[in-house]
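Given chain A's structure and the hints, the job is docking chain B onto it.
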Amino acid sequence: MNLKNEPVLEVNVSADGQANVLFRGRLDATAVASAWNNLGARLSATKVKQLALDASGLDSFDGAGLALLQYLNQGKMTPRATISLSGLKDELKRLLNLLTAEDYEAFHLGIQHKTPLPEEVGRATREVTTDLREQVDFLGNLTASFAGTLGSLKRTRWAEVWHVAELAGANAVPIVSLISVLVGLIIAFESAQPMAEFGAQLYVANMIGLVMVRELGPLMTAILLAGRSGSAFAAELGTMKVNEELNALETFGLEPMRFLVVQRVTAGVLLCPTLTAYSMFMGVLGGVLVLLWLGFPLALIWNQMQESVHLRDVALGISKGFVFGAIVSAVGCLRGLQTRQGPSAVGVSTTRAVVTSILLIIIADAIFSVLFFLPVKL
Amino acid sequence: MNPEADIIISVKDLSVSYGERLIFKNVNFEVRRGEVFVILGGSGSGKSTLLKTMIGLYPPQRGEVWIEGGNVVSPNENQRLEILRRFGVMYQSGALFGSMTVLENVQLPLDEFTALPKPIKELVVLAKLKLVGLAGAARKTPSELSGGMQKRAAIARAMALDPRILFLDEPSSGLDPITSAGLDELITGLARHFGITFVIVTHELPSVFAIADRVIMLDSRVRTISAEGKPGELRERATDPWVRQFFNRQPDPALSFHLDKSHA
Chain A
46 MNLKNEPVLE VNVSADGQAN VLFRGRLDAT AVASAWNNLG ARLSATKVKQ
96 LALDASGLDS FDGAGLALLQ YLNQGKMTPR ATISLSGLKD ELKRLLNLLT
146 AEDYEAFHLG IQHKTPLPEE VGRATREVTT DLREQVDFLG NLTASFAGTL
196 GSLKRTRWAE VWHVAELAGA NAVPIVSLIS VLVGLIIAFE SAQPMAEFGA
246 QLYVANMIGL VMVRELGPLM TAILLAGRSG SAFAAELGTM KVNEELNALE
296 TFGLEPMRFL VVQRVTAGVL LCPTLTAYSM FMGVLGGVLV LLWLGFPLAL
346 IWNQMQESVH LRDVALGISK GFVFGAIVSA VGCLRGLQTR QGPSAVGVST
396 TRAVVTSILL IIIADAIFSV LFFLPVKL
Chain B
15 MNPEADIIIS VKDLSVSYGE RLIFKNVNFE VRRGEVFVIL GGSGSGKSTL
65 LKTMIGLYPP QRGEVWIEGG NVVSPNENQR LEILRRFGVM YQSGALFGSM
115 TVLENVQLPL DEFTALPKPI KELVVLAKLK LVGLAGAARK TPSELSGGMQ
165 KRAAIARAMA LDPRILFLDE PSSGLDPITS AGLDELITGL ARHFGITFVI
215 VTHELPSVFA IADRVIMLDS RVRTISAEGK PGELRERATD PWVRQFFNRQ
265 PDPALSFHLD KSHA
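Residue numbers (my numbering), protein chains in the order written: chain A, 46 to 423; chain B, 15 to 278.
If we strip away everything but chain A, and leave its shape as in the complex, we get:
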């Protein structure tokens, strides 16, 4: 047995390049870790020509001890020395022979080469074009499925539509309320200060009305929906794909498109405008609260708003809601269906769902603005 005061490993290096390493007791991970630096320093200080490993006192070792013995015995620490190992017990020797020099080399040959830049660019380009094609494919499929659904309305799973609408719509009311009121409040506050310099604080009412109804109401609702429900659609369909549930549907002759996607997109298209209208109202409410606090009477505020916000502005906001709802739910489903294999696949899909949704929402919003103002300019 190894006594506490005796080191497990002892190194002696003579000036003529003869090194002796003596092992005793149990060579375990702690002993290896504490001896490593000293061992390296001593063996590299002089040019070692002969390394003698004396293991006659060695009782046992663990994985780390075995590794150290192998490392020394294969000359990794003293590349130019001749090495001898003596006194190792038979059962320990068998373990030592477990790993051969070939294993070690094969292990180091396996290091993967880096992908060259052109190859990476090519792959990325291909991925983008494939994705574009899949999007077009999806859009076509979705349209066809909707057409098919219209032909057999009774067979559409309406219960699923309502269920999704409840999860994605009704349950989102609290967060939409909070964010809309606060954004209305913030914008009113921030703009009231500069407007006061021109004595035009009352016009904050006009601005809040327009901004909330035409832009922020639809936009905030859509972005919230993308984060809350688009991602959920992607995760749900993605998990179903990973669990082979989509395959099960398909072998029944039930296309996931008609069985799952149509319901979600229908729910999205129906609930997004509703939520948008609600968000407009709450946003305006936030602004009105600030104006009331500034001392304007409600009748005056109402009057200002009626003058500036017309029915066509509300119609624009609501129609944005329809389009954004379709984008968010369709993109969520598309990314879900595109889910690949592996532990991070569903996570990747949800990220892609949110990113693509927000991107497309902003692009659609820009198109709306251009279409809406083009006739005004002409």
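A hint or two may mislead.
Partial list, derived from the structure: chain A residues whose beta carbon lies under 8 angstroms from chain B [as the list claims (entries may be wrong)]:
id, residue
1, 78
2, 80
3, 389
By construction, these hints were calculated from the structure, which means they are not laboratory data.
Every residue, glycine too, gets a C-beta built ideally from N, C-alpha and C.
Same frame as chain A, but now just chain B:
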């Protein structure tokens, strides 16, 4: 030698429920050092729950699990890590970290719990992988491995810190007979040559007869252990007809296919 000294795990009066639902109660058994101990039972009998309770993942209602003199059920904070270091676990699906290579998976415990230098760590990992026959797959990611290889890699990872006990959850489920037999051989080899104690949950009978020194049967009818002993003896001499039925792979009459009889 004192026979008590040979007991490495002792489970005392263990009862586990999920909420209101009782999984098992009054489970008592002991595992001896160096043996391959198998926990058997039908589907839903609580085998995996028992394993999870033994490794401290699930708190029991009552009872104790002693592993080499440390109680897993209510260890103090200082003791907890030290007890965890005494055993390695292979989960049913392998549970390799998908974002890492096999090498990094096996090296992770070494990185976290030892101060070993990099070349030594690599050699330790390589030795473990060689033991499970995966020396050539060190740079692969888990998704590039077959099911059997993933389980082998998971065993290598469980062995990274040289534990004295290995817990395996369903090692041969989902494997073909050849791979499964290879895994059985690995288990018996590790037990014999390295003195590792195995606690294995399975219901693959061929595998049980090949590897088990002793088995216990968790019985979902009585919600506790209904038989304990060597697998061969239980098959031949069990007094409980259900245990004999289990070992001889006979179907439950209530669940058998009756169509041919009723419509004959």
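Structure-based check of each hint:
Interface hint at residue 78 of chain A: satisfied, since its Cβ lies 4 angstroms from the closest Cβ of chain B, which is below the 8 angstroms cut-off. Contact between residue 80 of chain A and chain B, as hinted, is not supported at the beta carbon level, the nearest pair being about 10 angstroms apart and thus beyond 8 angstroms. Taking 8 angstroms as the C-beta cut-off, the interface hint given for residue 389 of chain A holds, the closest approach to chain B being about 7 angstroms.
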